[in-house]
Every structure is written in structure tokens, then in C-alpha cells.
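Engineer: Single-letter residue listing:
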Amino acid sequence: EAGVAQSPRYKIIEKRQSVAFWCNPISGHATLYWYQQILGQGPKLLIQFQNNGVVDDSQLPKDRFSAERLKGVDSTLKIQPAKLEDSAVYLCASSPTGRGALAKNIQYFGAGTRLSVL
Amino acid sequence: SQQGEEDPQALSIQEGENATMNCSYKTSINNLQWYRQNSGRGLVHLILIRSNEREKHSGRLRVTLDTSKKSSSLLITASRAADTASYFCATDAARGSNYKLTFGKGTLLTVNP
Numbered sequence: 001e002a003g004v005a006q007s008p009r010y011k012i013i014e015k016r017q018s019v020a021f022w023c024n025p026i027s028g029h030a031t032l033y034w035y036q037q038i039l040g041q042g043p044k045l046l047i048q049f050q051n052n053g054v055v056d057d058s059q060l061p062k063d064r065f066s067a068e069r070l071k072g073v074d075s076t077l078k079i080q081p082a083k084l085e086d087s088a089v090y091l092c093a094s095s096p097t098g099r100g101a102l103a104k105n106i107q108y109f110g111a112g113t114r115l116s117v118l
Numbered sequence: 001s002q003q004g005e006e007d008p009q010a011l012s013i014q015e016g017e018n019a020t021m022n023c024s025y026k027t028s029i030n031n032l033q034w035y036r037q038n039s040g041r042g043l044v045h046l047i048l049i050r051s052n053e054r055e056k057h058s059g060r061l062r063v064t065l066d067t068s069k070k071s072s073s074l075l076i077t078a079s080r081a082a083d084t085a086s087y088f089c090a091t092d093a094a095r096g097s098n099y100k101l102t103f104g105k106g107t108l109l110t111v112n113p
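Protein sequence lines correspond, in order, to chains S and U.
Residue numbers for the first sequence follow the numbering used here, so the first one is 1 and each next one is one higher.
Residue numbers for the second sequence follow the numbering used here, so the first one is 1 and each next one is one higher.
Simulated from the structure, these hints should not be mistaken for lab results.
We put the beta carbon where it would ideally sit given N, CA and C, even for glycine.
Mixed in with the good hints there might be a few duds.
Unchecked claim - Residues on chain S that point at chain U, a partial pick, calculated with CB under 7 Å:
| no. | residue |
| --- | --- |
| 1 | Q41 |
| 2 | G42 |
| 3 | G53 |
| 4 | D56 |
| 5 | A88 |
| 6 | L91 |
| 7 | P96 |
| 8 | N105 |
| 9 | A111 |
Isolated chain S (complex conformation) (with noise of 0.2 Å):
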């Protein structure tokens, strides 16, 4: 089965600028989720969708990040305008349904958009 795809890998703009990403989840799974990965941290939730219904964005800087998944299958975040503290890595990440609560709860990620504010 096809992994989580991603794009764009790479993204370098300037501060205030606008920038969007792009997940395809892996097909069938009905939860999808987006996080922010600072260098030498752990990955942060940003959103958590459930099909095309958010569950929870209480992590997501609402001023200037927006998600939406249409249709429930793939998704896209939009950071604008950005900041010099947004550079990072943005992950998503699926997860399967209908095969018990904790096949749930294993989530499968992409390989991530590294993102550079200047």
C-alpha cells in the first residue's frame, strides 16, 4: 500500500509571505493529522481531522494557520503570514479505522515539508 505523500519537501520564503502544504493520507484512513516539528524536538499536533471534520485544532495558531481537508481524503495547511518562528518541519500523519481502537491509534507518516522562514 502507498505511503502518506507530502509536498512540496522543501520550502524557503521570507517572513510574511504565505505558504501551503499538501498531504494524500493513505487510502482508507479517516483520521488525518498535522504537526510541527522544531529541530530537536518532538512532533507537536497542530489538527486532528476525523474525515473532513476537525477533532481537535486547540494547538493550531489560528491568526495565521488554517487546515482543511475536502471530501475527507486529502489535505492542505496554509501558514500566512508567516513567521521567523514557524521554520520547521510540518508532518502528517494517517490513521486507519474500522480495524479496532488500537490499529486506531497507530498513526503513518509522511516524510514531511521542511519549511525555512527568512
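Dock chain U against chain S, hints included.
Structural biologist: Just chain U now, kept in the frame of chain S:
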């Protein structure tokens, strides 16, 4: 905030030696997982241990869980250069988690050939 805290932050060993990493967490959990991240890549799930389990094995991996101390350890036996990566523990909170995981800061393991 990050629930899990790994220890040590960095570990360097020789090929063939065993590597032990520890994770401490703060709140009650449903289960605890370990993930590996190679440089420039996404995370890969290694093993999941439920809150009612004390030990679990998978190949060269051994995970223990002590819920009374809110801690877990990951042992990699007979390490290989290919095991060089960052290792993260992730916890699923016991109540209302909606399958949300909270990751620690990770342990960077370097296995020297």
C-alpha cells in the same frame, strides 16, 4: 505541552552493544508507543504497549512499562549502524484522547560501526 520526556537526550554506542532509552510521562495513559525517525524522514511506528501490559518484545526491541512510576524503557539489543536515528515515545491519554498522541523530545541514538 509534551507529555513524554526521553532520557538520555543523546546516546552513542558501538555496533553490537545494547541501547536503552527511557521515557517518563505525567498523566494516566491508555497505551504508550515508540517511534523511530531517521534523519530527514517521517516517524515510523515501532511498538505499542498497553497500560495493562508490563513488557513486550518485537524482534530486537524490548519495551517495558511501569505505570506506577509513569515510565517506560526501550531496549535495542545487538545494535546495528542502521539503528542510528531519533527515538520518540508517544502517549495516548486515558480519557477523551480521540486517538491523539503526545510525543516526547526524543533520544538521538548513534551506533558507530
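Engineer: Evaluate each hint against the coordinates.
Structural biologist: Now for the hints, and whether the structure bears them out:
| no. | hint | result |
| --- | --- | --- |
| 1 | Q41 | holds, 5 Å |
| 2 | G42 | holds, 4 Å |
| 3 | G53 | violated, 11 Å |
| 4 | D56 | holds, 6 Å |
| 5 | A88 | violated, 14 Å |
| 6 | L91 | holds, 6 Å |
| 7 | P96 | violated, 10 Å |
| 8 | N105 | holds, 5 Å |
| 9 | A111 | holds, 5 Å |
Comparing the model with each earlier hint shows violations of hints 3, 5, 7; every other hint is respected.
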